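The listed protein sequences correspond, in order, to chains Z and U.
If you count by UniProt numbering, then the first sequence holds residues 1 to 341, one letter each, in order.
If you count by UniProt numbering, then the second sequence holds residues 1 to 341, one letter each, in order.
What the hints contain is simulated information worked out from the structure, not anything from laboratory work.
Among the hints, a few may not be true.
[Stated by the list, open to error] Only part of the chain U face toward chain Z is listed, based on derived beta-carbon distances under 10 Å:
id : residue
1  : GLY230
2  : VAL247
3  : ARG262
4  : MET267
5  : ASN269
6  : VAL271
[Said to hold, decoys possible] In silico DSS-like cross-links for lysine-lysine, where the CA-CA straight-line distance does not exceed 27 Å:
id : chain 1 : residue 1 : chain 2 : residue 2
7  : U       : LYS208    : Z       : LYS261
8  : Z       : LYS261    : Z       : LYS123
9  : Z       : LYS261    : U       : LYS261
10 : U       : LYS59     : U       : LYS6
11 : U       : LYS148    : Z       : LYS148
12 : Z       : LYS261    : Z       : LYS295
13 : Z       : LYS205    : Z       : LYS195
14 : Z       : LYS208    : U       : LYS337
15 : U       : LYS6      : U       : LYS122
16 : U       : LYS87     : U       : LYS337
17 : U       : LYS295    : U       : LYS195
18 : Z       : LYS195    : Z       : LYS26
Computed from a prediction, not measured in an experiment: that's the story for all the values here.
Positions of the beta carbon are idealized from the N, C-alpha and C atoms, including for glycine.
If you want the building blocks of each chain, they are given just below.
There are 2 protein chains.
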Amino acid sequence: MEVSNKYVVVKHHIQDAPEESDFEIKSRALILSVDSGSNDVIVKNLYISIDPYQINRMKSNDPSQTSISFAAPITPGEAIDGVAIGKVLVASDNGKFQKDDLVMGVFTWAEYSLVKEESIIKKLEPSEFPLTYHLGVLAYAGFFEVCKPQKGENVFVSAACGAVGNLVGQYAKLLGCYVVGCAGSQDKVTLLKDKLGFDDAFNYKEEKDLTSILARYFPNGIDVYFDNVGGEMLEAAVANMNTFGRVSICGVISQYTDAEKRSSPNMLNVVYNRINIRGFLAADFMNVFPDFIAKTSAYLQTGRLHVIEDVSSGVESIPSAFVGIFNGNNVGKKIVKVAEE
Amino acid sequence: MEVSNKYVVVKHHIQDAPEESDFEIKSRALILSVDSGSNDVIVKNLYISIDPYQINRMKSNDPSQTSISFAAPITPGEAIDGVAIGKVLVASDNGKFQKDDLVMGVFTWAEYSLVKEESIIKKLEPSEFPLTYHLGVLAYAGFFEVCKPQKGENVFVSAACGAVGNLVGQYAKLLGCYVVGCAGSQDKVTLLKDKLGFDDAFNYKEEKDLTSILARYFPNGIDVYFDNVGGEMLEAAVANMNTFGRVSICGVISQYTDAEKRSSPNMLNVVYNRINIRGFLAADFMNVFPDFIAKTSAYLQTGRLHVIEDVSSGVESIPSAFVGIFNGNNVGKKIVKVAEE
Chain Z
1 MEVSNKYVVV KHHIQDAPEE SDFEIKSRAL ILSVDSGSND VIVKNLYISI DPYQINRMKS
61 NDPSQTSISF AAPITPGEAI DGVAIGKVLV ASDNGKFQKD DLVMGVFTWA EYSLVKEESI
121 IKKLEPSEFP LTYHLGVLAY AGFFEVCKPQ KGENVFVSAA CGAVGNLVGQ YAKLLGCYVV
181 GCAGSQDKVT LLKDKLGFDD AFNYKEEKDL TSILARYFPN GIDVYFDNVG GEMLEAAVAN
241 MNTFGRVSIC GVISQYTDAE KRSSPNMLNV VYNRINIRGF LAADFMNVFP DFIAKTSAYL
301 QTGRLHVIED VSSGVESIPS AFVGIFNGNN VGKKIVKVAE E
Chain U
1 MEVSNKYVVV KHHIQDAPEE SDFEIKSRAL ILSVDSGSND VIVKNLYISI DPYQINRMKS
61 NDPSQTSISF AAPITPGEAI DGVAIGKVLV ASDNGKFQKD DLVMGVFTWA EYSLVKEESI
121 IKKLEPSEFP LTYHLGVLAY AGFFEVCKPQ KGENVFVSAA CGAVGNLVGQ YAKLLGCYVV
181 GCAGSQDKVT LLKDKLGFDD AFNYKEEKDL TSILARYFPN GIDVYFDNVG GEMLEAAVAN
241 MNTFGRVSIC GVISQYTDAE KRSSPNMLNV VYNRINIRGF LAADFMNVFP DFIAKTSAYL
301 QTGRLHVIED VSSGVESIPS AFVGIFNGNN VGKKIVKVAE E
């Protein structure tokens, strides 16, 4: 049996902010069978996670210089891989995954993904836990495992209406922290304060002196900074950190479309205040997945956690979805729904 | 009884590199008694540690914005405090320290120090362990406790002929690491390779592209970077770090005399390689003091560790000693000997 498989490619390398015209939707026949003895599986994609870091892979000279498979350069004209949730359509014959298993993994910006079993990060148990919410593990692991927050601490979150930031802020509130977020519009600020329960929030686009504004929102200093943006915001946060403050570097979106926009945090502050700055990937924390599901389920059931998703439909919507996250169009997690569960 | 007490002051705030003419030697009578019921003690200084961080305290606008007592701003015309080793000359009457106790603490750039008992960091046991070597605890704690090195890892040390760097490199070799250091002259490079047993060393002043030179010395990447300098060297090291690499920020000497010289490490590397960048102060690790003494004593007794000190004599020599460390004049730990033990 054979299906037609729509997928997304970049036409050429992208150096700055992406535009929809940089992308192309292609289609190719896919035979729904895998080689006997191989580890190949075919996944029917349900939800594709649209993540800003992918832009780095589209550059001609990937600045991350990494050997991490899912961060490897993307070749123009070829299928793009990324984190997604899908259903096993054709299993390999080694029996590790079965047909119809729900799985999260590194699949393809496409309707169907032909991948190695190793690309499956996790089998998802059928549960009350909505499928797309599994993508929140990055926020959970980054906040609890990297930031090691304590009740009562002062937490600052940038890109606080983004996929990761909004969850981090909510987890922080639920832990009993004082939480301030920044975002790029007044609507987002209102959402953070009125719906998501942040203690305060501000629109960074309206502020000139980020160090002063943070000093105003944090008269007692910042204990934890969850950084999604890098650049001047990271400098301002470091200048306001308390002794033994922790900075987790989840993303550097200010630098993704402008390689010159490096952050220069004052290392004197880092020494005197014994600040710990740490980068991380969700993949390192799959051991906390059960905790994440348990705690998050409980919060959802009692209505104490809001999951903010921004969902568009169909493979054709992937380019505009991706371009949009660099313009701040999305509110919450940007997801493309490819097929019905 | 009364003595004449020579001490050093800065005449005015210092913004850039210090010069000897910025300092003045003063003298004042000191009555050798302390108020009954107070915590005051009088210490006869034996050795004064000359440390680059002090320059930050001499600026009109201390950039470290810290509330740490020993890093607080220095007022022109007034006595300067700093880490030193001395002997209790007059004890307070609360009995915590006795006359003739050997002590390490935050004393004064002077012959005698009238300080609170709280300024004494540690009572030193009379032992075979040379007094000045106690100042090496910063290197020991920073390397073992902050960098958490493993045998076989690749370690890079900047300012490797400096007070801290030379010890870190030697501890790393003794642990079984591959160790490369950088320094500012060919003589220092020779010392590192021929006497201190570094696997390799280079003169950073002769290199244009620090990222490339580090890639050459570390074809398998850097696991641990012990940073004493900040600036471009920190950027180059971060670009060469391995996955889960650790950077300990001990000092930022490149920035001390040029506030514009900030470091802009690529945060994309920090994320993808899950790099941990951490500032520290020796004061946080006084719990490892016994380990430090035990391990270091053993190494010294078997001749496996060289203690490189650069000692000048007398309070009058403090200004030139201090100015010299910014010119790279010192080899190893810079100490001013104020009195005979």
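Hints, one by one, checked against the model:
no., hint, result
1, GLY230, "holds (5 Å)"
2, VAL247, "holds (9 Å)"
3, ARG262, "holds (4 Å)"
4, MET267, "holds (4 Å)"
5, ASN269, "holds (7 Å)"
6, VAL271, "holds (4 Å)"
7, U:LYS208 with Z:LYS261, "holds (22 Å)"
8, Z:LYS261 with Z:LYS123, "violated (39 Å)"
9, Z:LYS261 with U:LYS261, "holds (16 Å)"
10, U:LYS59 with U:LYS6, "holds (23 Å)"
11, U:LYS148 with Z:LYS148, "holds (19 Å)"
12, Z:LYS261 with Z:LYS295, "violated (37 Å)"
13, Z:LYS205 with Z:LYS195, "holds (21 Å)"
14, Z:LYS208 with U:LYS337, "violated (50 Å)"
15, U:LYS6 with U:LYS122, "holds (24 Å)"
16, U:LYS87 with U:LYS337, "holds (13 Å)"
17, U:LYS295 with U:LYS195, "holds (20 Å)"
18, Z:LYS195 with Z:LYS26, "violated (40 Å)"
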